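Visitor: Sequence:
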Amino acid sequence: MKQSATLIAPAPAQRRLDWLQVAAGFALLSCIVMVWRWGGTVADSQAYYDTARWLRGELPASSLEAPFPYRLLVPALAAALPGELRNGFAMLNWLLVTLAACLASAAVLRAGLGPRRAVAAGLLLIVSLPTFWYAPYLVVDPGSVCARAAFVLGVVSGQPWLAAAAGLAGTAVREENILLLVWLVAMRRIAILPGLAVLAAALAWIVAVRWWLVTGLPAYRWTPGWRQVLRALGDWRSLASIAGSAVLVAPLALLGWRGAPPVVRPLAGLLALMALPPLYAALCVRVDGRAVWGLYPFLLPFAACAGRERAARR
69 MKQSATLIAP APAQRRLDWL QVAAGFALLS CIVMVWRWGG TVADSQAYYD TARWLRGELP
129 ASSLEAPFPY RLLVPALAAA LPGELRNGFA MLNWLLVTLA ACLASAAVLR AGLGPRRAVA
189 AGLLLIVSLP TFWYAPYLVV DPGSVCARAA FVLGVVSGQP WLAAAAGLAG TAVREENILL
249 LVWLVAMRRI AILPGLAVLA AALAWIVAVR WWLVTGLPAY RWTPGWRQVL RALGDWRSLA
309 SIAGSAVLVA PLALLGWRGA PPVVRPLAGL LALMALPPLY AALCVRVDGR AVWGLYPFLL
369 PFAACAGRER AARR
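Counting from 1 along the sequence shown, just add 68 to a position and that's the residue number in my numbering.
Certain hints may be false.
Distance ranges between label pairs, derived from CB positions [to be verified]:
id	residue 1	residue 2	range
1	E126	W106	17 to 27 Å
2	L298	A276	35 to 45 Å
3	S225	L351	33 to 43 Å
Hints in this document: simulated from the structure, not taken from any laboratory. For clarity, every value in this text was computed on a predicted model and none was experimentally measured. Glycine is no exception: its CB is placed at the ideal position from the N, C-alpha and C atoms.
Work out the full structure, taking the sequences as your base and the hints as a guide.
Guide: Structural data, given as structure tokens:
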């Protein structure tokens, strides 16, 4: 009996992932998903593209439109890449999507859910409507999703400095990611003084960008109003993109909610906190499926738990 138990027990290598193969597979798959809309610019993606052109000295600052130039990190990285800007920006987003999938898989693996569920989490991020419809455009959302995935990995694996660095980088991508650092400090996931120092650094970055690095832009204001809500309820394209972005990940996350291990459960509060900015934006401006896409890093660990209780009973 002992011999048979030894024969069927999984070897240690079976509980790990070959990250080189996983990253290569994710990179190939994300390229296949994204290539059909590679390097497009429309609406705010044009504003991010113009920001990168301004950083290269190709456009005057007067051509920029707030608040998009304040989200500086991804356009700055794209502008620093050699070669044609449009292709370089799209390639940067491809790399960020691939890295985000790897980080999501790593978080699920560190949560003890196994390599199959870990790979499935990465696949859910790549084979999705947002990766096909939005990621190839020249937007900064892939950078934000990647930073949030790194933050979740830091939380799940008990590495507060990884989470702090990811929150700081995420704030440089999109300003609402400073809430990650607020949560990190409020939940005592990091020592108070170092956590406050990182939070102060994020605030200093936001101030420096708006009043020193990118200046002279016309003021903008997002004011909530019922007219915008009614307009949003009649915008079937926006509603379809939101539903399409949530159609698979959100139901799986609900199914896996009860079976999530204790290390994953604190992400529920983080998910609720990070849902506030897109909800407020929906009261002020038009929103689309990217509002759901930004929540993927917090939903995927729960989605990876779908069917876990049933499998344990079997």
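Visitor: With reference to the structure, classify each hint as holding or not holding.
Guide: Do the hints match the structure? See the list:
Separated by about 21 Å at the C-beta atoms, E126 and W106 satisfy the suggested range of 17 to 27 Å. Separation of L298 from A276 is about 38 Å and conforms to the stated range, judged on CB atoms against 35 to 45 Å. A hinted range of 33 to 43 Å for the beta carbons of S225 and L351 is consistent with their spacing of about 36 Å.
Hint compliance for this structure: no hint is broken.
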